[in-house]
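Please model the entire structure based on the sequences and the hints provided.
In the order they appear, the protein sequences are chains A and B.
Just so we're aligned, residue 5 is where the first sequence starts under this note's numbering, counting upward by one.
Just so we're aligned, residue -8 is where the second sequence starts under this note's numbering, counting upward by one.
Source of the hints: derived by calculation from the structure; they are not laboratory data.
Positions of the beta carbon are idealized from the N, C-alpha and C atoms, including for glycine.
Treat each hint with caution, since some may be false.
[Stated by the list, open to error] DSBU-like, lysine-lysine: derived pairs with alpha carbons at most 35 angstroms apart:
no.	chain 1	residue 1	chain 2	residue 2
1	B	K110	A	K300
2	B	K110	A	K325
3	A	K293	B	K110
4	A	K297	A	K168
5	B	K110	A	K378
6	A	K378	A	K300
7	B	K110	A	K297
8	A	K325	A	K297
9	B	K110	A	K307
10	A	K134	B	K110
11	A	K33	B	K110
12	A	K33	A	K99
[Claimed, not checked] Beyond 10 angstroms from chain A on every Cβ pair, some chain B residues (computed):
no.	residue
13	P86
14	D111
15	I131
16	I143
17	R163
18	R170
19	V267
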Amino acid sequence: MSGIRCRVFFSLLFVVLTACPALGAPPVKIGALFSITGPASFLGEPERNTAQMVVDEINKAGGIKGRTLELVTYDTQGDATKAVQAATRLIKEDKVVAIIGPSTTGDTMAVIPLVEKAQIPLVSCAAGIKITEPVKKWVFKTAQNDSLAVARIYEQLKKRKISKIAVLTVSDSFGASGREQLTAQARSHGIQIVTDETYGPKDTDMTAQLTKIRGTQAQAIVCWGTNPGPAIIARNVKQLGLNIPLYMSHGVSSKKFIELAGDASEGIILPSGRVLVANLLPNSDPQKKNLQKFVKDYQARYKAEGDHFGGHAWDAVMLLKGAIERGGDSPAAIRDQLEQTRNFSGIGGIFNYSAQDHAGLTMDAFVLVEVKKKGWALVK
Amino acid sequence: METASQIVQYLLSGLSTGAIYALIGLGFAVIYNATGIINFAQGEFVMLGGMLTLFFLTDMNLPLVPAVMLAIFSSTAVGTAFERLAIRPLRNATPLSLVIITIGASILIRGQAMLLWGKDTHALPPFSGSDPLEIAGATILPQHLWIFAVTIVIIVASRLFFTYSIAGKAMRACAYNPRAAGLVGIDVRKMVLFSFVISSAIGSMAGIIVAPLTMTSYDVGILLGLKGFCAAIIGGMSSGLGTVIGGLLLGVLESLGAGLISASYKDAIAFVVLLVILFVRPEGVFKKTETERV
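So this is what it looks like as structure tokens:
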């Protein structure tokens, strides 16, 4: 009897072994949550593309210490409920060792309690400041805080001796976060917000708000939104003949904005990650090499421009890669190693995580760019 | 003085947005009057107008005029196919199920557009330049003049059509009593098809003239459709002046609300107006109440 059992066992083993030729060490499973469809797809799609591209590149180069990476991606559709379901699935069924994403602040806040409880490190690609403030043990993020972008703009306004501004923000979470930061930081930079207007994400005409702004003392307009709203605003500003500087947020730092706003985009200034102006950077810039490589690879694979949203995913995967290389693939080790990341030159900036800082970036992560002749120019 | 020119600007902006709502509202009204159903896919024809023009312009490299023509033609073809495939086979269904079918169709059309053309927003070039024109201290763009002109032409044309042409009169007869219309020899099914043709053509035209100003993407139809629906309700679903005034009123209210009160209430204003009218005068602001003889 035992002989037969033994033979069955070995033949089964043989079948299993021959069926999986690469049965060395199993792949390291990493989960990814992106809003690939839905209203925030402009974030999730490049992020998914980039994450897959980077993982493929790592595997092609032999993986991490001989082990390949496996990326398990789910679409959250920008819906917090779906994000929670997908995160549960990643943790319970797919048994991933770390998660990258979600793409939006809302989705991220929804999955934080889950990852904290399951003790799985999460590297979010969303920008909201509350994700890492206060610091949560298992949660990191790669997207630059809105507060850094606001600080960049205010610094420049001060240089131009502008003290009265009008604020025009979109009424979604991105605009609300920008508005919060714009109001919070105004006083310390000596800036007075003379009027605070909003518009809906699907609005098609903002002349009413701008007419109101024209009637005030504002010396500049700061607009916080993502396409297409800001492009319409740029056109409306031109239509109304408003002759005051217009500042935008990093939410529109892509060629798409120039394309949509057309001539009306000339002279608009906005904070942006360095990826937009990779080729304009001085060679001494430590990020330049990675930025150019990312842009080139993305172009080659997806025939589209790599943007800073994709960059968030690039940073997330590469940060995890570094952590796994240094400390192995247990969730706890990955978390500890992430926290010790120093001077990592990513796409979004130079990351320095610490026990007190899980966002890792400074104001230097942003440069100010100006639209000139349908292209970008660095603002000194 | 400053406030006066501000008000003029609010009014002008409101009227130009309102004209678009009116055009979309007309599309709703035409189908409602011929079939008694509310076609919630109307907004998708608006989207198709803009997206197809863009497709013919950039992907096919056609000049503007043929691109616009082809876009109107193709959206109308979609409208026709929609009626033949989804509405006609179910002529005996209740209006409610037909309305639900139109919602399904709108999701289908939107999804197809997303798969075909992606999720990006696109801008059409303006028809005649983008140098602002000044009127009484307020400014508008040449494209606004196009919007006003097209709206007026369509309103006059539809008015003439429904009052004087045989086909127009026949369509009104079908709306009033399809059975009786059938008995006097009107081909009711043909009229229903015809109403879909007209309304998808009007819808796509609205989408085309508005696209250079407001940009277009696969999902612009939802909100524009809803606003057009509002306009039609205010106008009592009339396929004439009522809906037009409804649209203009809505646009002006929105713009004044955003300018004088707060932009946060802009959409709320539209829907509060809609609700008030549905409660107080469900037959529309401008329609005379019909007395029904028993």
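ask   = Under the criterion that the straight-line Cα-Cα distance not exceed 35 angstroms, is the pair B/K110, A/K325 satisfied?
value = The given pair, whose Cα atoms are some 31 angstroms apart, holds under the 35 angstroms limit.
Holds or violated: A/K378 with A/K300, Cα cutoff 35 angstroms? 21 angstroms, holds
10 angstroms cut-off, C-beta based - B/P86 kept clear of every residue in chain A: Fine: 29 angstroms to the nearest Cβ keeps B/P86 off the interface.
query = Holds or violated: are the alpha carbons of B/K110 and A/K307 at most 35 angstroms from each other?
reply = Judged against 35 angstroms, a Cα distance of about 16 angstroms means the pair holds.
Between A/K33 and A/K99, does the CA-CA distance stay at or below 35 angstroms?
Within the cut-off at roughly 7 angstroms; holds.
Worksheet item: Does A/K325 pair with A/K297 here, judged by a C-alpha cut-off of 35 angstroms?
Response: This hinted pair holds, its Cα atoms lying about 17 angstroms apart.
task = May I ask you to check that B/I143 keeps its beta-carbon over 10 angstroms from the closest beta-carbon of chain A?
result = Holds: least Cβ distance 20 angstroms, greater than 10 angstroms.
request  = Confirm or reject the statement that B/R163 sits farther than 10 angstroms, beta carbon to beta carbon, from all of chain A.
outcome  = 33 angstroms, holds
Q) Does B/K110 pair with A/K297 here, judged by a C-alpha cut-off of 35 angstroms? A) 26 angstroms, holds
Self-check item: Exclusion check [B/I131 not at the chain A interface, CB over 10 angstroms]
Solution: 7 angstroms, violated
Original post:
Quick one, are A/K293 and B/K110 close enough, alpha carbons at most 35 angstroms?
Top reply: 31 angstroms, holds
- prompt: Holds or violated: are the alpha carbons of A/K33 and B/K110 at most 35 angstroms from each other?
  reply: With Cα atoms ~30 angstroms apart, A/K33 and B/K110 stay inside 35 angstroms; holds.
Of the numbered hints listed earlier, those contradicted by the structure are 4, 14, 15.
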